[in-house]
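> The lines below spell out each chain.
Number of protein chains: 2
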Amino acid sequence: MILELVHIDVLPDHHEQFEQDLATAAATVLPQARGFVEFTPAGWCVERPDVYVFTIGWETLEDHTQGFRDSALFEQWRALIGPHFAQPPVVEHYAR
Amino acid sequence: MILELVHIDVLPDHHEQFEQDLATAAATVLPQARGFVEFTPAGWCVERPDVYVFTIGWETLEDHTQGFRDSALFEQWRALIGPHFAQPPVVEHYAR
Chain A
0 MILELVHIDV LPDHHEQFEQ DLATAAATVL PQARGFVEFT PAGWCVERPD
50 VYVFTIGWET LEDHTQGFRD SALFEQWRAL IGPHFAQPPV VEHYAR
Chain B
0 MILELVHIDV LPDHHEQFEQ DLATAAATVL PQARGFVEFT PAGWCVERPD
50 VYVFTIGWET LEDHTQGFRD SALFEQWRAL IGPHFAQPPV VEHYAR
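Chains as they are written, first to last, in numbering that gives the first Met the number 0: chain A, 0 to 95; chain B, 0 to 95.
Hints may contain errors.
[As the list claims (entries may be wrong)] Simulated restraints, written as ranges between beta carbons of each label pair:
#1 Pro-11(B) to Phe-84(A): 33 to 39 Å
#2 Gln-16(A) to Gln-31(B): 25 to 31 Å
#3 Pro-88(A) to Gln-86(B): 32 to 38 Å
#4 Val-5(B) to Pro-88(A): 19 to 25 Å
#5 Gln-65(B) to Glu-74(A): 43 to 49 Å
#6 Asp-49(A) to Thr-59(B): 18 to 24 Å
#7 Asp-49(B) to Gln-16(A): 16 to 22 Å
#8 Asp-12(A) to Gln-19(B): 44 to 50 Å
#9 Leu-10(B) to Glu-74(A): 28 to 34 Å
#10 Phe-84(B) to Asp-12(A): 25 to 31 Å
#11 Val-89(A) to Thr-39(B): 16 to 22 Å
#12 Glu-46(A) to Pro-82(B): 23 to 29 Å
#13 Ala-85(B) to Gln-19(A): 22 to 28 Å
#14 Phe-84(A) to Glu-74(B): 37 to 43 Å
[Stated by the list, open to error] Derived coverage of chain A by chain B (criterion: at least 3 residues anywhere in the stretch with Cβ under 8 Å from a Cβ of chain B; other residues may be distant):
#15 0-12
#16 36-45
#17 80-94
Hints are computed from structural coordinates only; laboratory data are not their basis.
Note that CB positions come from ideal geometry on N, CA and C, so glycine has one too.
Just chain A, with the same shape it has in the complex (with noise of 0.2 Å):
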């Protein structure tokens, strides 16, 4: 399993709203997606107030890079949770 760890830097007064639609986006969205296999959220971090982090598990990395955004399942998981950002989110993969 590929592990994508997400930090999202959230505008201050979007916190409740975001937490709202990301888990909205996870529930619906995700789980339509070919070779996802969990979604982790861990929260807020308490260095930078701001920033959200959670993690999606992918059965291969190509499975998100190229099969989740290159489909319409991405604009629908970027219209729930986009509006929220403050600036473009920070990823990275890792595998065991």
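Guided by the hints, dock chain B onto chain A, whose structure is given.
Chain B only, in chain A's frame:
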């Protein structure tokens, strides 16, 4: 629970030994620490191949930042994995 997220830049020729010593330290040192909940290795970074990420769950922030870091256990932990660091670890904490 507080999630400690750790990025470690590992010396290039130490990858295998680092993984072994991290597994030893996680299995022998962490379970003795007050407030320790769980250890989860995320693995090696696809985008930065010398960077390894893991998380440690703690009951409270202070269990890590005061209890563990000020204890003799921390010295044992660092003695095992510290020799493999190319740079000081990057650590942040997350709470839901």
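> Take a look at whether the Cβ-Cβ distance between Gln-16(A) and Gln-31(B) falls inside 25 to 31 Å.
Once the Cβ atoms are compared, 42 Å apart, the range 25 to 31 Å for Gln-31(B) and Gln-16(A) is violated.
> In this structure, is the beta-carbon distance linking Asp-12(A) and Gln-19(B) contained in 44 to 50 Å?
holds, 47 Å
> Per the coverage rule (Cβ-Cβ under 8 Å, at least three residues), is the segment 80-94 of chain A covered by chain B?
holds (count 4)
> Is the distance from the Cβ of Glu-46(A) to the Cβ of Pro-82(B) consistent with 23 to 29 Å?
holds, 27 Å
> Does the Cβ-Cβ separation between Pro-11(B) and Phe-84(A) fall within 33 to 39 Å?
holds, 35 Å
> Just to be sure I understand the hint, the distance between the Cβ atoms of Phe-84(B) and Asp-12(A) should be within 25 to 31 Å; is that true here?
violated, 39 Å
> Are Asp-49(A) and Thr-59(B) spaced within 18 to 24 Å by their CB atoms?
holds, 22 Å
> Are there three or more residues in the segment 36-45 of chain A whose C-beta lies within less than 8 Å of some C-beta in chain B?
holds (count 6)
> Is 16 to 22 Å right for how far apart the beta carbons of Asp-49(B) and Gln-16(A) are?
violated, 38 Å
> Starting from the range 28 to 34 Å, see whether the pair Leu-10(B) and Glu-74(A) falls in it by beta-carbon distance.
violated, 42 Å
> Is it true that Val-89(A) and Thr-39(B) lie within 16 to 22 Å of each other by Cβ?
holds, 20 Å
> Evaluate the given range 37 to 43 Å for the C-beta pair formed by Phe-84(A) and Glu-74(B).
With Cβ atoms ~41 Å apart, the hint holds.
Checked against the numbered hints given earlier, this structure breaks hints 2, 3, 7, 9, 10 and 13; the rest are met.
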